[in-house]
Amino acid sequence: DTAVSQTPKYLVTQMGNDKSIKCEQNLGHDTMYWYKQDSKKFLKIMFSYNNKELIINETVPNRFSPKSPDKAHLNLHINSLELGDSAVYFCASSRGLAGRGNEQFFGPGTRLTVL
Amino acid sequence: AQTVTQSQPEMSVQEAETVTLSCTYDTSENNYYLFWYKQPPSRQMILVIRQEAYKQQNATENRFSVNFQKAAKSFSLKISDSQLGDTAMYFCAFYNQGGKLIFGQGTELSVKP
Numbered sequence: 001d002t003a004v005s006q007t008p009k010y011l012v013t014q015m016g017n018d019k020s021i022k023c024e025q026n027l028g029h030d031t032m033y034w035y036k037q038d039s040k041k042f043l044k045i046m047f048s049y050n051n052k053e054l055i056i057n058e059t060v061p062n063r064f065s066p067k068s069p070d071k072a073h074l075n076l077h078i079n080s081l082e083l084g085d086s087a088v089y090f091c092a093s094s095r096g097l098a099g100r101g102n103e104q105f106f107g108p109g110t111r112l113t114v115l
Numbered sequence: 116a117q118t119v120t121q122s123q124p125e126m127s128v129q130e131a132e133t134v135t136l137s138c139t140y141d142t143s144e145n146n147y148y149l150f151w152y153k154q155p156p157s158r159q160m161i162l163v164i165r166q167e168a169y170k171q172q173n174a175t176e177n178r179f180s181v182n183f184q185k186a187a188k189s190f191s192l193k194i195s196d197s198q199l200g201d202t203a204m205y206f207c208a209f210y211n212q213g214g215k216l217i218f219g220q221g222t223e224l225s226v227k228p
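Chains Z and L supply the protein sequences, listed in that same order. The first sequence begins at 1 in the working numbering and counts up by one. The second sequence begins at 116 in the working numbering and counts up by one.
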């Protein structure tokens, strides 16, 4: 029973392409997140949605656009991919509003490689 | 700006021994939450332990315990009776009132047989 799932797990693409990563959670949570883990394993939040509404939007290039069609899904679309976008992207979810210390459950990550 | 610092990039420990991973953070908030997450080679992020800042009692979860020193802004993780399966990257994280989970740089722990 997968709690937070991401597709695909691996994504290899050329510079300049547009790609999407999908995330789904079956935990009934109402807050979802996207994180980026760089080559040095540093994790940083990119976006957070609560009940389909954007609540955290870190300094991320406009080429990155999250979309939440419903509470259980948060997709990440990336336009005009660059070499520096190569990283592992994690989706996560939590119950309730962020900031109340609710545990975040992470997906397995998507390793994006831009050639 | 709120920051989380893990000053030990790598550590190793013999199986069955005890190891302590350090973490310090910087914040002006009074109410917040602290976490330790584990990331094994499988890449999956797994919550190890959580501490509420308003609780003075240190959190424990089986072989994992923390030493939370609020005044010193220190939150170290102690792993007792280390097992091979504890080999992983360990991240300290701070959850601020704005709802952001801020991670430290990580400590790569190797448990040796």
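Worth flagging that the hints you see were computed from the coordinates, not collected in a lab. Given the structure is predicted, the values throughout are model-derived calculations rather than measurements. Glycine is no exception: its CB is placed at the ideal position from the N, C-alpha and C atoms. Treat each hint with caution, since some may be false.
Here are the simulated distance ranges between beta carbons [as the list claims (entries may be wrong)]:
hint : chain 1 : residue 1 : chain 2 : residue 2 : range
1    : Z       : Val60     : L       : Ser127    : 43 to 51 angstroms
2    : L       : Ala116    : Z       : Asp70     : 43 to 51 angstroms
3    : L       : Thr142    : Z       : Ile55     : 30 to 38 angstroms
4    : L       : Ser195    : Z       : Ser65     : 39 to 47 angstroms
5    : L       : Gln198    : Z       : Thr2      : 22 to 30 angstroms
6    : L       : Ser195    : Z       : Leu54     : 40 to 48 angstroms
7    : Z       : Thr13     : L       : Glu132    : 19 to 27 angstroms
8    : Z       : Ser65     : L       : Gln129    : 46 to 54 angstroms
9    : Z       : Asp70     : L       : Ala131    : 18 to 26 angstroms
10   : Z       : Lys41     : L       : Gln198    : 19 to 27 angstroms
11   : Z       : Lys41     : L       : Gln129    : 38 to 46 angstroms
12   : L       : Met126    : Z       : Asp70     : 19 to 27 angstroms
13   : Z       : Glu53     : L       : Asp141    : 39 to 47 angstroms
14   : L       : Ala187    : Z       : Thr2      : 33 to 41 angstroms
Which residues of chain Z face chain L? A partial, calculated answer using Cβ under 7 angstroms [to be verified]:
hint : residue
15   : Gly16
16   : Leu43
17   : Met46
18   : Arg63
19   : Glu103
20   : Pro108
21   : Gly109
Against the structure, the hints:
1. A hinted range of 43 to 51 angstroms for the beta carbons of Z:Val60 and L:Ser127 is inconsistent with their spacing of about 36 angstroms.
2. The hinted range of 43 to 51 angstroms is not satisfied by L:Ala116 and Z:Asp70, whose Cβ atoms lie roughly 34 angstroms apart.
3. Here the CB-CB span from L:Thr142 to Z:Ile55 is close to 20 angstroms, at odds with the stated 30 to 38 angstroms.
4. At about 46 angstroms, the beta-carbon gap between L:Ser195 and Z:Ser65 stays in the expected band of 39 to 47 angstroms.
5. For L:Gln198 and Z:Thr2, the Cβ-Cβ distance of about 26 angstroms falls inside the hinted range of 22 to 30 angstroms, so the restraint holds.
6. In this structure, L:Ser195 and Z:Leu54 meet the distance hint of 40 to 48 angstroms, their C-beta atoms being roughly 42 angstroms apart.
7. Checked against the hint of 19 to 27 angstroms, the C-beta distance between Z:Thr13 and L:Glu132 comes to roughly 45 angstroms, which is inconsistent with it.
8. Judged by the Cβ atoms, the range 46 to 54 angstroms given for Z:Ser65 and L:Gln129 holds: they are separated by roughly 48 angstroms.
9. Separated by about 48 angstroms at the C-beta atoms, Z:Asp70 and L:Ala131 break the suggested range of 18 to 26 angstroms.
10. Between Z:Lys41 and L:Gln198 the C-beta distance comes to about 22 angstroms, which sits within the given range of 19 to 27 angstroms.
11. Remark: the range hint 38 to 46 angstroms for Z:Lys41 to L:Gln129 is contradicted by a beta-carbon distance near 24 angstroms.
12. Separated by about 43 angstroms at the C-beta atoms, L:Met126 and Z:Asp70 break the suggested range of 19 to 27 angstroms.
13. At about 30 angstroms, the CB distance of Z:Glu53 to L:Asp141 disagrees with the hint of 39 to 47 angstroms.
14. The hint said 33 to 41 angstroms for the Cβ distance between L:Ala187 and Z:Thr2, and at roughly 40 angstroms that hint holds.
15. For Z:Gly16, the interface hint is violated, the least distance from its beta-carbon to any beta-carbon of chain L being 27 angstroms, above 7 angstroms.
16. Annotation: interface hint on Z:Leu43 holds; nearest CB of chain L at approximately 4 angstroms, less than 7 angstroms.
17. Hint status for Z:Met46 relative to chain L: violated, with the closest Cβ pair at about 11 angstroms, above 7 angstroms.
18. The beta carbon of Z:Arg63 is not positioned within 7 angstroms of any beta carbon in chain L (closest approach about 22 angstroms), and the interface hint is therefore violated.
19. With a least beta-carbon distance of about 5 angstroms to chain L, the hint placing Z:Glu103 at the interface is held under the 7 angstroms criterion.
20. Against a cut-off of 7 angstroms between C-beta atoms, the interface hint on Z:Pro108 holds, since the closest Cβ of chain L lies about 6 angstroms away.
21. The beta carbon of Z:Gly109 comes within 5 angstroms of a beta carbon in chain L, closer than 7 angstroms, and the hint placing it at the interface holds.
The structure fails to meet hints 1, 2, 3, 7, 9, 11, 12, 13, 15, 17 and 18 from the earlier list, while all remaining hints are met.
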